[in-house]
Each structure stands twice: as C-alpha cells, then as structure tokens.
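Just so you know, the protein sequences line up as chains A and B, in that order.
The opening position of the first sequence corresponds to residue 6 in our numbering, with each subsequent residue numbered one higher.
The opening position of the second sequence corresponds to residue 186 in our numbering, with each subsequent residue numbered one higher.
What the hints contain is simulated information worked out from the structure, not anything from laboratory work.
The beta carbon of each residue, even a glycine, is placed where N, CA and C say it ideally should be.
Among the hints, erroneous ones may be present.
Claimed, not checked - Residues of chain B placed beyond 10 angstroms of chain A at every Cβ, according to the derived structure: (1) E208; (2) H258; (3) Y377; (4) A398; (5) G403; (6) D407; (7) Q408; (8) I467; (9) R476; (10) M484; (11) I488; (12) R491.
Unchecked claim - Cross-link-like lysine to aspartate or glutamate pairs, in silico, EDC-like; alpha carbons within 16 angstroms at most: (13) B:K333 to A:D58; (14) B:K336 to B:E423; (15) A:K7 to A:E198; (16) A:K10 to A:E198; (17) A:K57 to A:D37; (18) B:K333 to B:D260; (19) B:K333 to A:E30; (20) B:K365 to A:D58; (21) A:K54 to A:E26; (22) B:K336 to A:E30; (23) B:K376 to B:E450; (24) A:K57 to A:E30; (25) B:K333 to A:D28; (26) A:K306 to A:E287; (27) B:K365 to A:D62.
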Amino acid sequence: MKARKLTMAQAISEAIGQEMERDAEVFVMGEDVGKYGGIFGATGGLLDKHGKDRIMDTPISETAFIGTAIGAAAEGMRPIAELMFVDFFGVCMDMIYNHMAKNTYMAGGNIKLPMVLMSAIGGGYNDAAQHSQCLYATFAHMPGMKVVVPSNAYDAKGLMAQAIRDDNPVVFLFHKGIMGLPWMSYFEGSTNEVPEASYTIPFGEAKVVREGRDLTIVTLSQMVQKSVLAAQELVDAGIDAEVIDLRTIVPLDRAAVLRSVRKTGRLLIADEDYLSFGLSGEIAALVAENLDTVQLKAPVKRLAVPDVPIPYSRPLEQFVIPQVHSIVSAARQLVGASQLEGALT
Amino acid sequence: MNPSVEHKLWMYEKMIEIREYEETMARIYLEGKLPPHIQKGLAFDIGAGPVPGEMHLAAGQEPVAVGVCAHLHDDDTVVGAHRPHHFAIAKGVPLKPMTAEMFGKDTGLGRGKGGHMHLFDPIHKFSCSGIIGASMPPACGAALAAKKRGKNWVAVAFFGEGATNQGAFHESMNLAALWKLPVLFVCEDNKYAISVEKSESTSVAWNADRASAYGMPGVLVDQNDAVAVYEAAGVAIERARRGEGPTLLEVKTDRYLGHFQGDPETYRPKGEVEALRRNDPIPRLGEHLRRAGVIDDGMDQAIRARVNARVTEAYEYARTSPYPQPEDALLHVFN
Chain A
6 MKARKLTMAQ
16 AISEAIGQEM
26 ERDAEVFVMG
36 EDVGKYGGIF
46 GATGGLLDKH
56 GKDRIMDTPI
66 SETAFIGTAI
76 GAAAEGMRPI
86 AELMFVDFFG
96 VCMDMIYNHM
106 AKNTYMAGGN
116 IKLPMVLMSA
126 IGGGYNDAAQ
136 HSQCLYATFA
146 HMPGMKVVVP
156 SNAYDAKGLM
166 AQAIRDDNPV
176 VFLFHKGIMG
186 LPWMSYFEGS
196 TNEVPEASYT
206 IPFGEAKVVR
216 EGRDLTIVTL
226 SQMVQKSVLA
236 AQELVDAGID
246 AEVIDLRTIV
256 PLDRAAVLRS
266 VRKTGRLLIA
276 DEDYLSFGLS
286 GEIAALVAEN
296 LDTVQLKAPV
306 KRLAVPDVPI
316 PYSRPLEQFV
326 IPQVHSIVSA
336 ARQLVGASQL
346 EGALT
Chain B
186 MNPSVEHKLW
196 MYEKMIEIRE
206 YEETMARIYL
216 EGKLPPHIQK
226 GLAFDIGAGP
236 VPGEMHLAAG
246 QEPVAVGVCA
256 HLHDDDTVVG
266 AHRPHHFAIA
276 KGVPLKPMTA
286 EMFGKDTGLG
296 RGKGGHMHLF
306 DPIHKFSCSG
316 IIGASMPPAC
326 GAALAAKKRG
336 KNWVAVAFFG
346 EGATNQGAFH
356 ESMNLAALWK
366 LPVLFVCEDN
376 KYAISVEKSE
386 STSVAWNADR
396 ASAYGMPGVL
406 VDQNDAVAVY
416 EAAGVAIERA
426 RRGEGPTLLE
436 VKTDRYLGHF
446 QGDPETYRPK
456 GEVEALRRND
466 PIPRLGEHLR
476 RAGVIDDGMD
486 QAIRARVNAR
496 VTEAYEYART
506 SPYPQPEDAL
516 LHVFN
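One chain only, chain A, in its complex shape (with noise of 0.2 angstroms):
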C-alpha cells in the first residue's frame, strides 16, 4: 500500500474526503471550514473538490448547525460537524447531550443518528482558559457519545473513516498541538507514514506505543508524543516504560490497561484533562476495582492539570499542563520509590 508522511490535519481530511466520495450522504457542516479549510486544518481543500453544498461554512451559530446535523443525521444523513474550539460546547451544549446523545436511548433504538462532532481540543500555546481545554471526559462522562482521541496521523486518518461509517454519535476530539499546522509547534511524532487508500481503525482497542517493563504510562492525544519523549529519557535512567495510548475513550479499552498494569506492576496516568473527576480517576478506579488481579508495586499515580482554569501567561500554563519532564520526574518516583521500598524489606 502507497504511503507518505502527512500532518495530523492532512490525514484528517482525507478520511472526510475519502469517505465523501464513497458515500454521497456524507457532508461537513461548520465554522469556516470552507474556503478556509477549518481553523486547524481538518477539512483543508475539501471545498475545492466538493464544492460549498457539501462543505458548508455556517453561521457562529453553534446550536443551529449541531441540532441541524442532528436532525439530518436521523434522515439518515452522515454529517460531520465541527465546533471549532471544544470550549464553545457552552453554547450548544443542550444539543450535543440532550438530543445527539440521548435521543436513541429514549428512542429505544428506534432510530439512529450517524454523525460526528469534531472539535479541537487542548493547550500548550497560551490561549488561555476558553481555548485550552481538552474536556474529553466530559463527553465521556455523558452516556451516548463515542469519543475518539487520535494521537498521530496514521490513527487519525483510520478512526475518522471508522467515526463516519459508525450509526451513532462520535465525538472526535484532535489536539491543536499534534495537527503539524504551519502556525504552532507540535509534536513531530504525529506527523507519520499514513497510506493513501482508505482504512478504519476499530473504536475500543488501545495501542501499545511502546512496550517496556517497569510502569506502564496510560494515555492519548498529545499527551503520547509527551510520554513517548519521556521513555526515552527514561530509559538513561533505567526505567523500561511501556505506553499505552488508548485512541478512544468510549468505548474504553480495559482490557488493555489491565493487561499491561498486570506486567509492570506500575501505573502512571498522563492526561491534559482537570484532574479530579475524570479520564485518570477512571482509569486508576479500573486498576483499582481489578486489585485481585493486579499486582501494584507502588500507588498509582496521575499526572493531569490541578484543578484550575487554563492560566495564559507561559511559566504558569506550562506548569499546571503535564509536560516531558514532568511524566518523567513522576516515572522516576514512581519506579523509584517502590525499588527503594523493596530494597528495604
């Protein structure tokens, strides 16, 4: 299969492209996302070769073109729509959680509503607190809506196709920082080899980025290209990490965690989201509720941002969002603690 390098952008707009033309009933609705091609890129030269009844620029109207998808989408429409900034959910909130995620349950499963709401998500570039955030977990938290969260092109490319052809609501959430944009520093680790024809990647099964021996790093989105950079540093100091990147969180590949926890013994949890009530104390109730078992070496530990708004000025957004040093400082107590606790007894 023919393949070349794209950005995280590229390989999303092919799948919507891709998916396009193989089905007549798919259609992009959203805030400039035609002659611009989506603020961060997502939809980037679709208008040119579907034309503006297909890739539709809407009105800052967020509650208007989300419930118009919706109802387009229980016609049997595919539409994507994207809410430029996950932070805008404010506005049209009602449409995403009482009507996209709800109506099939109350449906009964009568009926289906075939769409995604894409939406860009995370900080790192100081946009400060109503730009920043990545809230996939909150999503997640709401019964009814699948939520993908790509780390890299190749993945990005297959779960969007995946998120198309799916006959329920798909939230996909990609990181501004990882979308290889001429205008903000990423993370190179997400530009990678995607093929050219089209593939889809199954909702639910975790990648393993890396294996490794001692802890295992559970995670997604950028915060995998941060962690990968972290084993390699951690592997100057003699901790084997194995990353986990989990792709999408509803649904939630388990298995895999428990799998990789059971092995090394050690879990760290890195994730962008607010700390408390979220993506890590999932995962870490997950280990926890599976303690017969899975045997810890030491407590598990969560790297995520403390409870508070995304701060603007730099010093205080990059310590309050998990960065390279900071995964690897927590590897390196957590593996080290427990090695000085076992050199003990």
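Starting from the structure of chain A, add chain B where the hints point.
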C-alpha cells in the same frame, strides 16, 4: 387556501381524537396519585400510578396541530415540543405504541425509555423534545436533508410562545432563512409559559413580527380555529415546497388544562378556562360541517364512536402490555 371537505372532516375527526385522548389521559394519570393511596401528608404524588412523571396535555390546542398536519405527507417531518400528543396524533403516530410509551411499557415507541415528552416514531417521521426551543434545530436538519436529496419534503417545528426567547429560536430562524430551508416554524401561543404570561417575557406583542428580522414571512393566526390555521399553514408549506424558504406562523390557541397535570393554576384568573371553553374549536367546526350539510347527527355519532374505540383500544393496549425487563435499561445507549 380553503380546505376541501375531506380535509375538514379529517381535521374534525382528528381534533375529536386528540381531545378524547387528552381527557382520557387526564383521568388515568390521576390513578394512584391521590390520597389515600399515597404517602401520608402528600396531596399528590407525581411518581405514582400507571403513568408516572410529568404530563403536559394539549386539550384546547387541537387546531394548530390539525390545521398544519392536514397539509403534510408521510415523507414530511414533524418535531414537537414537551406538549406533543396533539402533533403526534395529527402526524399519524399510532396511538397504541405512543400510549404504551407513556405507560413505560416494552411495546412503547421507545420501549419505555422516553416517556411522554420523548416520542420517536421514525416511520411517521415524528419526534419531540422536552427542552424548550429544541424542536427547531433538528427540524432545520430534516429540511436540509430534504433539500440535499432534491425532495420537496418539508419539516415543521412546533413550539410554544415561551420558546421564542431561546437562542435556538433565533439561531434556527437565521439559518433556515439563510439556507432557504423548507421548514415551517409554528409558534403555538397558549398565553402561558407555565405561569408567566407572554407580556411579561417577550418584548414584542406578536412573535410573528420577529420573522422580519430574519427576512422571512411572519404570519399571525389570531384565532384558535382549525380552518384559519389550515389556510395560513397551506400558504407557508406550499412556499417551502417550492423551495422559497421558511415561514414563521404564530397561532393563538387556548390551553384548557394546567401546564402539567397537578398544576394548581393559581396564576390563572378565575373563570378564564370556562370562558375559553365556550369558544371550543371542535363544536365550532362540527357546526360548520353540519350547516354545510357535510355531516348530520348520525355521522357525528359514528365519528365519535370510531374515535372512542381507537382511544379506548390504545389505553387498553398500553395498560395490558408488559413492562421491559429492568436490565433492559442497559440497552440502546448505542445502536
């Protein structure tokens, strides 16, 4: 656009059906909810009886439902609000699964997962929502789908006058007009948003006036009359089918019952409902049909007997249907 005799007869029979349906529900709803069957000290127990939860009935508001739906075909879509029965019945949703849904039964439209504010019938292209103003964006979506597929289907969003100060109303009007969507926005003004009168919530006397802000026609039907609604809706729906875009239709109507059953209605002036009931749109249309020689007493009785049989059968079906298995609660989050 004067209704044909067939359409007048259809509207008459459907209005009788809606009224009988709602009055029957008002009665059954009270079963098990009053002393001495409930917890001591309570006057009413909303969660008790065969039909628990909130119940919003539309007795008196029949004209808006039948006057609009008389124009609709199977392929047209209707999205209703939290008070949805009259729209559902007028759109052709079968009474049996609809009623079973309100009884929380496995034979219900949503297998007991939705209840009376959340009725989904994809075959008859009807849905509704318990969130105020939420009928409009999905109706725009149905209209967009029709347009994309090159069909002359239309979508109708029904909502109360209390919904017109929601963002969803204004956003949907703008989007529908901008994209010339084949959608009809129908505001049924029953004067009260629960207890708050329109004059206390809305900056203009008539919501129809707001249509001009979005470059679409706004039409006021100032009487609770099926023929008047029919005529105004016909023009708007034909316009939508021709691809000329949306219309906002505002209909003055009357709510005979409380916002929900159990509503003490202390906000209503004494005697208001009695006065409204003297202007009942059902006997008015019946009189009209009689004077025109379309029906006589015998036909009228036959219609009422037919309706009564349908409604009785539906409630019986709902009552005797099985409940879902408790663990079925875990099904249908995804399809």
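Right, here's what the structure says about each hint:
1. E208: 26 angstroms, holds
2. H258: Correct as stated: the minimum Cβ-Cβ distance to chain A is 15 angstroms, above 10 angstroms.
3. Y377: Nearest chain A Cβ is 22 angstroms from Y377 of chain B, so the label holds.
4. A398: Nearest chain A Cβ is 14 angstroms from A398 of chain B, so the label holds.
5. G403: Non-interface label on G403 of chain B holds, nearest chain A Cβ at 18 angstroms vs cutoff 10 angstroms.
6. D407: At about 29 angstroms from chain A, D407 of chain B clears the 10 angstroms cut-off, so the statement holds.
7. Q408: 31 angstroms, holds
8. I467: 32 angstroms, holds
9. R476: 42 angstroms, holds
10. M484: 37 angstroms, holds
11. I488: The claim holds: I488 of chain B sits with its nearest Cβ about 31 angstroms from chain A, beyond 10 angstroms.
12. R491: Check passes; 28 angstroms lies beyond 10 angstroms.
13. B:K333 to A:D58: 8 angstroms, holds
14. B:K336 to B:E423: The given pair, whose Cα atoms are some 13 angstroms apart, holds under the 16 angstroms limit.
15. A:K7 to A:E198: 10 angstroms, holds
16. A:K10 to A:E198: Holds, at about 4 angstroms.
17. A:K57 to A:D37: Given that 16 angstroms is the threshold and the Cα spacing comes to 12 angstroms, the pair holds.
18. B:K333 to B:D260: Holds, at roughly 14 angstroms.
19. B:K333 to A:E30: Answer holds: K333 of chain B to E30 of chain A is near 9 angstroms, not above 16 angstroms.
20. B:K365 to A:D58: 13 angstroms, holds
21. A:K54 to A:E26: 10 angstroms, holds
22. B:K336 to A:E30: 14 angstroms, holds
23. B:K376 to B:E450: Satisfied, since the Cα-Cα distance of roughly 13 angstroms is no more than 16 angstroms.
24. A:K57 to A:E30: Measuring from Cα to Cα gives roughly 14 angstroms; hence the hint holds.
25. B:K333 to A:D28: The hint holds at about 13 angstroms.
26. A:K306 to A:E287: 12 angstroms, holds
27. B:K365 to A:D62: 15 angstroms, holds
Hint compliance for this structure: every hint is met.
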